[in-house]
Amino acid sequence: MSEEDERNPPEAGAAAPVSKAELDRAFEDLYRAHLRDVYSYAYYRVGNHHDAEDLTEQAFLQAYRHFERARRESNGRPLRPWLIRIAHNLASNYHRDRARKPTANIEAVEPPSHPHATERVVEGREELREVIERLDELPEDRREALIMRFALGMSNREIARALGRTDGATKVLIHRAIKQLEELMTHE
Amino acid sequence: MSEAAGDLNLERLLTDALRPVDPPADLSTRVESTLSAIAEQAAAQLSSWADELSEGELEALRDPRNWVRPVAAVAVGGAAAGALVLVEMRRRRRPSGFRETTGRLLRELR
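Chains as they are written, first to last, in my numbering: chain A, 853 to 1040; chain B, 381 to 490.
Derived by calculation from the structure, the hints in this document are not laboratory data. On a predicted model such as this, the values are computed, not experimentally measured, just so you know. The beta carbon of each residue, even a glycine, is placed where N, CA and C say it ideally should be. Please note: incorrect hints may appear among the correct ones.
[Claimed, not checked] Label-pair distances were calculated between CB atoms; the ranges are:
| hint | chain 1 | residue 1 | chain 2 | residue 2 | range |
| --- | --- | --- | --- | --- | --- |
| 1 | A | R884 | B | A452 | 24 to 34 Å |
| 2 | B | D406 | A | R948 | 48 to 58 Å |
| 3 | B | A453 | A | L875 | 20 to 30 Å |
| 4 | A | N900 | B | R449 | 50 to 60 Å |
| 5 | A | R950 | B | G457 | 24 to 34 Å |
| 6 | A | E925 | B | S408 | 22 to 32 Å |
| 7 | B | R392 | A | Q914 | 33 to 43 Å |
| 8 | B | T414 | A | E874 | 47 to 57 Å |
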């Protein structure tokens, strides 16, 4: 079993022909399992909760429309990359339609709170804020790959499928993204 | 990836900075109700297609967009009937046959 398969077991009975009710149940399972992933991705892409909610809803509606086909064509592989790809396309449309940066871009995203000791929280939050600010300076594909990798915990193979790239190209993309981010952090 | 991160431990920072964000509780309800509505709508459409045709025809008749043709047909038919009545009335007013010939002769004799 591959790394990806271990993290995301194949969708149950994905290849077998199923009734509408079974399909709806399978979609409900998919939705419950990945709502947080899609929402997190949307939030880090658009930078605010309001648009992230809309984008998440649209992503699941689109997914529902094409679920049967996606399930058939997935050959039992996990459908999370497919869902994230839908969200990715919608986010791209979102930015293209507005032809500008997000209303509140990723710089405005507040780092999440941590269960650390008080002094470490203050120090840590500054560091995290800086990471988020520098992340916004990366090219879009590099930033996206890092969001998928670290916010969603996706494997390289999953990211490759979501971005429509090869595994090798994705590995290089992530490596370069981290290297560039490190340079931005150290050459401040 | 780890070498690139170096002393900064960038991977740890990224993991902390980009933690998953929980969706608001009402989003789940919103999406679920939208999906249910779509599923119900689709099911209703399917069952209506399976129903008898007359049911569909009745439904179509209730739609005002389908009233234009019948109204136009009634108007055209009404106008044609009116024209026929008028022609018939004129025809009746005009004497014909023996009566007409007699009348004409009497007028000439006078």
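Against the structure, the hints come out as follows:
For R884/A and A452/B, the hinted distance range of 24 to 34 Å is not satisfied, since their beta carbons lie about 55 Å from each other. Checked against the hint of 48 to 58 Å, the pair D406/B and R948/A fails, with Cβ atoms roughly 28 Å apart. Between A453/B and L875/A the beta carbons are some 46 Å apart, a value that contradicts the proposed interval 20 to 30 Å. Checked against the given bound of 50 to 60 Å, the beta carbons of N900/A and R449/B, roughly 51 Å apart, stay inside it.
Taken as a hint, the range 24 to 34 Å is violated for the pair R950/A and G457/B, whose Cβ atoms sit roughly 57 Å apart. For the hinted restraint 22 to 32 Å between E925/A and S408/B, the CB-CB distance of approximately 27 Å keeps it satisfied. Look at R392/B against Q914/A: about 35 Å separates their beta carbons, and that is inside 33 to 43 Å. Between T414/B and E874/A the C-beta distance comes to about 21 Å, which lies outside the given range of 47 to 57 Å.
In this structure, the hints that do not hold are numbers 1, 2, 3, 5, 8, in rising order.
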